[in-house]
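Residue numbers (the numbering used here), protein chains in the order written: chain U, 1 to 330; chain H, 1 to 119; chain B, 1 to 122; chain L, 1 to 91.
These are computed hints drawn from the structure, not numbers from a lab. Quick reminder that beta carbons are idealized off the backbone N, C-alpha and C, glycines included. Any given hint could be a false lead.
Said to hold, decoys possible - To list a few chain H residues with every Cβ distance to chain U over 10 Å, as calculated:
(1) E69
(2) N70
(3) L116
(4) A118
(5) D119
What the hints assert, rightly or not - No more than 20 Å apart at the CA atoms, straight line, and that leaves these computed lysine to any residue pairs for SDA-like:
(6) U/K80 with H/E105
(7) H/K35 with H/R102
(8) H/K104 with U/E79
(9) U/K80 with H/E114
(10) H/K35 with H/E114
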Amino acid sequence: MIYIFALFLLTLLVITAIAIVRAEDLFVAVILTSIFSLLMAINFFILDAADVALTEAAVGAGVTTVIFLCALALTGDREKPQKEGRKGGQKIALVIVGVLALLIIYSTFDNPQLGDPDAPVHQHVAPWYLEKTPQYMDFPNVVTAILSSFRGYDTLGEVFVVFAACIGVLFILGVSPPRKSMQVNVKQSGLRHHLIPQVVGRLLIPFIVLFGLYTQFHGEYGPGGGFQAGALIATGVILYALLEGEAEALRAVPRRVLLGMVVGGALLYGSVGIVCMLMGGAFLDYSVLAADPVWGQQLGILIIEAGVGMAVCGALLSIFHAFAARERVS
Amino acid sequence: MKLLELLGYFNYWVFAILLAVGLYAVISKTNLIKKLIGLSIFQSAVFLMYITMDKVEGGTAPIIQAGVENPIFSNPLPQVLILTAIVVGVSTLSLGLAMVVRIKECYGTIEENEILDAD
Amino acid sequence: MIDLALDILSWILLTLGGVCVLIGGIGGLRLPNFYTRIHAASLTDTMATLLIFIGIILQAGFTLASLKLFAIMLFLLLTGPTATYALANAALLSGLKPGPGRSGLKPDAGTAKDKTKENSPE
Amino acid sequence: MYILVAIAILVTMVLAVVRALMGPTVYDRVLAVNVFGTKTVLLLSVIAFLSGRPDFLDLALAYALINMVGILAVLEFFQNRSQRNSKAKND
Numbered sequence: 001m002i003y004i005f006a007l008f009l010l011t012l013l014v015i016t017a018i019a020i021v022r023a024e025d026l027f028v029a030v031i032l033t034s035i036f037s038l039l040m041a042i043n044f045f046i047l048d049a050a051d052v053a054l055t056e057a058a059v060g061a062g063v064t065t066v067i068f069l070c071a072l073a074l075t076g077d078r079e080k081p082q083k084e085g086r087k088g089g090q091k092i093a094l095v096i097v098g099v100l101a102l103l104i105i106y107s108t109f110d111n112p113q114l115g116d117p118d119a120p121v122h123q124h125v126a127p128w129y130l131e132k133t134p135q136y137m138d139f140p141n142v143v144t145a146i147l148s149s150f151r152g153y154d155t156l157g158e159v160f161v162v163f164a165a166c167i168g169v170l171f172i173l174g175v176s177p178p179r180k181s182m183q184v185n186v187k188q189s190g191l192r193h194h195l196i197p198q199v200v201g202r203l204l205i206p207f208i209v210l211f212g213l214y215t216q217f218h219g220e221y222g223p224g225g226g227f228q229a230g231a232l233i234a235t236g237v238i239l240y241a242l243l244e245g246e247a248e249a250l251r252a253v254p255r256r257v258l259l260g261m262v263v264g265g266a267l268l269y270g271s272v273g274i275v276c277m278l279m280g281g282a283f284l285d286y287s288v289l290a291a292d293p294v295w296g297q298q299l300g301i302l303i304i305e306a307g308v309g310m311a312v313c314g315a316l317l318s319i320f321h322a323f324a325a326r327e328r329v330s
Numbered sequence: 001m002k003l004l005e006l007l008g009y010f011n012y013w014v015f016a017i018l019l020a021v022g023l024y025a026v027i028s029k030t031n032l033i034k035k036l037i038g039l040s041i042f043q044s045a046v047f048l049m050y051i052t053m054d055k056v057e058g059g060t061a062p063i064i065q066a067g068v069e070n071p072i073f074s075n076p077l078p079q080v081l082i083l084t085a086i087v088v089g090v091s092t093l094s095l096g097l098a099m100v101v102r103i104k105e106c107y108g109t110i111e112e113n114e115i116l117d118a119d
Numbered sequence: 001m002i003d004l005a006l007d008i009l010s011w012i013l014l015t016l017g018g019v020c021v022l023i024g025g026i027g028g029l030r031l032p033n034f035y036t037r038i039h040a041a042s043l044t045d046t047m048a049t050l051l052i053f054i055g056i057i058l059q060a061g062f063t064l065a066s067l068k069l070f071a072i073m074l075f076l077l078l079t080g081p082t083a084t085y086a087l088a089n090a091a092l093l094s095g096l097k098p099g100p101g102r103s104g105l106k107p108d109a110g111t112a113k114d115k116t117k118e119n120s121p122e
Numbered sequence: 001m002y003i004l005v006a007i008a009i010l011v012t013m014v015l016a017v018v019r020a021l022m023g024p025t026v027y028d029r030v031l032a033v034n035v036f037g038t039k040t041v042l043l044l045s046v047i048a049f050l051s052g053r054p055d056f057l058d059l060a061l062a063y064a065l066i067n068m069v070g071i072l073a074v075l076e077f078f079q080n081r082s083q084r085n086s087k088a089k090n091d
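Full structure from sequences and hints, please.
Here you go:
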């Protein structure tokens with residue numbers, strides 16, 4: 001039964017994607033992107049990927065929309081109509097991607113079907129992970145175990161990619177913008193004079209941050225972990241920035257704290273690996289951190305998840321402030 | 001039965017179509033932000049394919065429950081890869097948007113052909 | 001006996017919730033202009049949410065899950081009307097006038113307002 | 001029974017997507033997104049019970065908490081734009 005739901009939702013996904021590409025108003029495209037993200041999250045949930053769905057929810061519902069809207073405010077939200085001369089080129093492009101899609105669809109008939117337990121993916125390392133997680137780490141969420149311990153190198157790399165992207169945005173948008181006379185009054189920015197969003201938003205912010213901390217520290221037992229928690233807490237602070245104005249949020253969480261979180265999180269992750277080496281294990285082999293290897297694993301995972309959470313939260317917030325500050329000056 | 005067998009491939013078809021739609025936006029639209037939106041659709045298509053691969057018939061999410069005997073779990077490995085990829089996707093997307101903002105400030109437009117004309 | 005009564009009550013609530021959701025969805029599609037559609041949306045945001053969640057809570061019994069359900073219901077009841085208010089306010093700010101019939105129904109009126117100026121010289 | 005509710009929610013989601021695609025004003029689209037968001041929370045809760053893992057309600061909770069942020073961002077976007085437009089008129 002639930003597969004029929006998935007069928008419906010996947011069809012909606014395709015329709016939404018086509019509508020996004022066809023929309024000439026970029027603002028409409030961004031609005032439809034948030035529907036796309038919601039549909040994606042439900043599909044992930046139906047396909048048994050609760051952690052991934054939570055990540056998509058945490059990132060797609062708040063951060064993506066806000067960053068897109070900030071960029072649109074800076075660049076203008078209308079796509080220029082295509083010139084007549086390019087129409088032919090578009091037709092060629094349509095034919096090419098159509099042929100590509102047909103080729104991929106043709107090739108999928110060699111793939112294992114959805115849910116086939118004998119598929120090659122399920123034969124390799126996954127059963128070993130499922131079997132060894134209770135033994136090595138003694139907690140139920142296998143996804144967190146793989147993320148932070150079995151494939152810790154991978155996650156270290158991803159954290160450094162987030163770090164690098166954040167630094168890149170700060171470099172690109174950090175230069176002083178071209179001078180313009182229009183200066184938005186700081187007192188008027190934000191939703192200061194809208195009483196209802198003010199009250200409800202102020203009520204919600206502590207709960208969002210609390211829920212973020214819950215996903216951070218409950219990640220070993222349910223869906224959650226550093227990535228989701230970082231995005232959720234960042235969303236909470238972004239909500240504060242929307243309500244009180246961006247400058248006020250920057251006063252609550254200053255820029256150097258954000259940079260400290262980005263750098264500190266990445267460093268914390270790396271230094272746990274080096275401490276492991278100093279204590280006689282391999283890089284990111286947490287078993288040596290405590291006398292009991294299971295405790296060592298749990299301690300190591302707790303610390304590096306905290307590092308991931310700090311780095312992601314700091315990076316997303318720095319990116320948001322970089323965009324929003326430019327909007328304020330220009 | 002035949003129809004049901006075909007429906008087992010439906011997720012892959014959606015993956016293929018989304019891939020094509022995203023690619024079309026990237027190669028045929030001149031607006032840079034539209035290109036980035038296309039890129040993120042393309043990215044989501046890849047996510048969908050990975051998550052499709054992890055499903056096991058009758059399985060549940062790979063979080064071990066106490067007191068359930070002979071549980072079947074879906075494959076956790078693709079989930080780990082995609083989980084990190086989503087967050088990385090957002091940060092790289094904002095890097096692209098930052099570049100677009102700078103281009104707008106330097107050239108006054110974000111249409112690709114006008115930028116090429118201006119050069 | 002009490003179990004049976006609770007069961008029946010929860011099924012009734014769930015059915016009513018489903019009906020409310022449907023009515024809201026159809027209203028959102030069929031009503032003539034934006035400010036009337038908000039009414040349909042608010043029906044699904046509050047009434048349907050309340051009915052469906054109370055129905056599920058009665059089914060779940062007194063567990064951690066029902067506590068979470070209660071929290072979800074509370075947050076939805078808080079945020080749904082707030083978001084609708086914000087939206088109506090944004091519409092009013094950018095000059096979409098409330099009125100009977102299909103008034104204010106210029107295609108994409110909100111953005112078209114300042115767009116017409118940009119596009120007209122071409 | 002859960003299935004009937006889920007189907008009703010699904011139909012409403014389809015209607016909301018239709019409204020989001022049709023427009024005609026931007027606000028109709030945003031309203032449709034908002035309706036779609038709350039329906040997502042409902043559907044996720046119902047599916048969590050349908051598939052017998054009610055401990056996955058975290059996802060619905062996350063959406064219930066942060067769905068509003070996007071809509072508020074839209075409000076601020078319009079407010080800033082109307083401010084900028086009126087400034088441009090005054091100059």
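When the structure is checked against the list of hints, which entries are broken? Sort them ascending.
none
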